[in-house]
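Protein sequence lines correspond, in order, to chains Z and S.
So for the first sequence, the numbering used here puts the first residue at 1; every next one is plus one.
So for the second sequence, the numbering used here puts the first residue at 1; every next one is plus one.
No lab work stands behind these hints, which were simulated from the structure alone.
Some hints could be false.
[Stated by the list, open to error] Below, computed lysine-lysine pairings styled on BS3-like, alpha-carbon distance capped at 30 Å:
{"#": "1", "chain 1": "S", "residue 1": "Lys61", "chain 2": "S", "residue 2": "Lys14"}
{"#": "2", "chain 1": "Z", "residue 1": "Lys246", "chain 2": "Z", "residue 2": "Lys318"}
{"#": "3", "chain 1": "Z", "residue 1": "Lys322", "chain 2": "S", "residue 2": "Lys61"}
{"#": "4", "chain 1": "Z", "residue 1": "Lys318", "chain 2": "S", "residue 2": "Lys61"}
{"#": "5", "chain 1": "S", "residue 1": "Lys60", "chain 2": "Z", "residue 2": "Lys246"}
{"#": "6", "chain 1": "S", "residue 1": "Lys14", "chain 2": "S", "residue 2": "Lys60"}
{"#": "7", "chain 1": "Z", "residue 1": "Lys246", "chain 2": "S", "residue 2": "Lys61"}
{"#": "8", "chain 1": "S", "residue 1": "Lys60", "chain 2": "Z", "residue 2": "Lys318"}
{"#": "9", "chain 1": "Z", "residue 1": "Lys322", "chain 2": "S", "residue 2": "Lys60"}
The structure presented is a predicted model; accordingly, all values stated were derived computationally and were not measured.
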Amino acid sequence: MMNTAQERADSMLTPEAAALVETYFSRVHGALLVAAAGECEEAVDDLRTHVLEALAGSAGTSDDVTRILAELGTPEALAAQCADSSDELSSDDVPSHDERRTVLVGRVLGLPYDWRVPTASRVARRWWDPLNPQIVVARVFGIGWTVNYGALAVRLGLVRPDDEDVPFEQVPRRWLAAALVLPLVVTAGLIVLFALFQAGLPDQVATHYAPDGSADGFSSKGVALLLPAAVALFGVAMAAWTWVRKRPALPRVAAGALATMLAGVSIGIYGQSVAQAHGTPGLTILLSALAGAIVLPFLLLVILSRVGRAAEQRRDLKAASKKGSV
Amino acid sequence: MATDNDSRLSQFRKGVVELAIFALLHHGEAYGGEIVERLGSHPGLAISAGTVYPLLSRLKKAGLIDSAWRESPVGPPRKYYRLTASGDIELASMATAWDGVTDAMDELLGKGTS
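This is chain Z alone, in the form it adopts within the complex:
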């Protein structure tokens, strides 16, 4: 359960001080269970890391711990506050039975909608929820449905629902970095395309196509470059932000997967404009880039999940061979 930051901070505390922190947060978790506010767990874990970081700058005595925890209030009050402010849907809550639903979340003409600002954790829970067997789930933002890649991977026999206790939590850091490197590489591919082709494009290029592949919408070449660039950079910025904010592994990986998808779509849009300008018929470029934009994030999620499972297995099997089986 502990990440490295916590382990480092724990080692700097006196045993009494560490016990105080432990007691405080197990009471918060207990209160969250009672409030059935499981979606707060993540926020509380973040808070715990933050507290330990703050303590790392102190002498690490019981007095320091008491002073910092006093600022947070009682564990029960903290849990209640979190449960109130949370408007998340948990994966096993059917939206139509969710008492906390607001005008921002619901159904219109049978289509689910959700206009709350998408957060990395909400994207993460929809995209990778192997415990939920539903492959098609309500979108994180907008109207309609999206794919639960976790359920798809389970259905394809690539992972089991309970392979990882907490998705991606045990993935070693150097592997986790793939969630940031992959969208960066795809975005770099887009930049290479810009460098190679932008200067040679005519002033007006195709940006919209009829189903038969003929162009039926045109933009200036500046717009044809700016839109895909903005989309790809938004994704990369979001993925990077999860690292800056030291988010848990699941939001980091999901943001990386989403960024990879956005960068892939951008390559498709820009690449198709280039192909049209060079007189290449059909939508081959756009369609193959879109296929890549769907498959690459899936591969990222599946591979990292299997790396996480392998890490869990190494941890448990090593412990078992040391102590003898439980």
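On the provided structure of chain Z, position chain S as indicated by the hints.
Same frame as chain Z, but now just chain S:
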């Protein structure tokens, strides 16, 4: 409405599935697929993988069950679940409550139908 009825039934089963998992693990540890299969062999419970796995995850977070990867006699390692000490206590109190509920319901339903 049929859907209301379905959801009432599924709510009603949710609590029972928890007790069923405790009871199963009380007899010894088991891995996820095994739990799904053994509980699935009781059609009355209407249990599927989609019910069992989220519940296992929640019970583990609550510290009532624990899991660890272990070598399996056949094939790759498996994640085995077992009851923790607090899970044992929870099972005992739930089993007592269950007896009370079934006794009361037997009596109520018996009177209603006869």
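Quiz item: Regarding the pair Lys60/S and Lys246/Z, is the alpha-carbon distance no greater than 30 Å?
Solution: 25 Å, holds
Quiz item: CA of Lys246/Z to CA of Lys318/Z, is that 30 Å or under?
Solution: 29 Å, holds
Self-check item: 30 Å limit on alpha-carbon distance, applied to hinted pair Lys60/S and Lys318/Z
Solution: 21 Å, holds
Quiz item: Taken at face value, is the distance from the CA of Lys60/S to the CA of Lys14/S at most 30 Å?
Solution: Distance ~16 Å between Lys14/S and Lys60/S Cα, so the pair holds.
Exercise. Would you mind confirming whether the straight-line C-alpha gap from Lys61/S to Lys14/S stays at or under 30 Å?
Key: 17 Å, holds
Quiz item: Can the restraint linking Lys322/Z and Lys60/S be considered satisfied, given a maximum Cα separation of 30 Å?
Solution: Holds: Lys322/Z and Lys60/S sit about 24 Å apart, inside 30 Å.
Quiz prompt | Lys318/Z paired with Lys61/S [C-alpha distance capped at 30 Å] | solution = 23 Å, holds
Quiz item: Hey, Lys322/Z versus Lys61/S, does the alpha-carbon distance stay inside 30 Å?
Solution: Judged against 30 Å, a Cα distance of about 25 Å means the pair holds.
Quiz item: For the pair supplied as a hint, Lys246/Z and Lys61/S, is the alpha-carbon distance within the 30 Å limit?
Solution: 22 Å, holds
The structure fails none of the hints (numbered hints given earlier).
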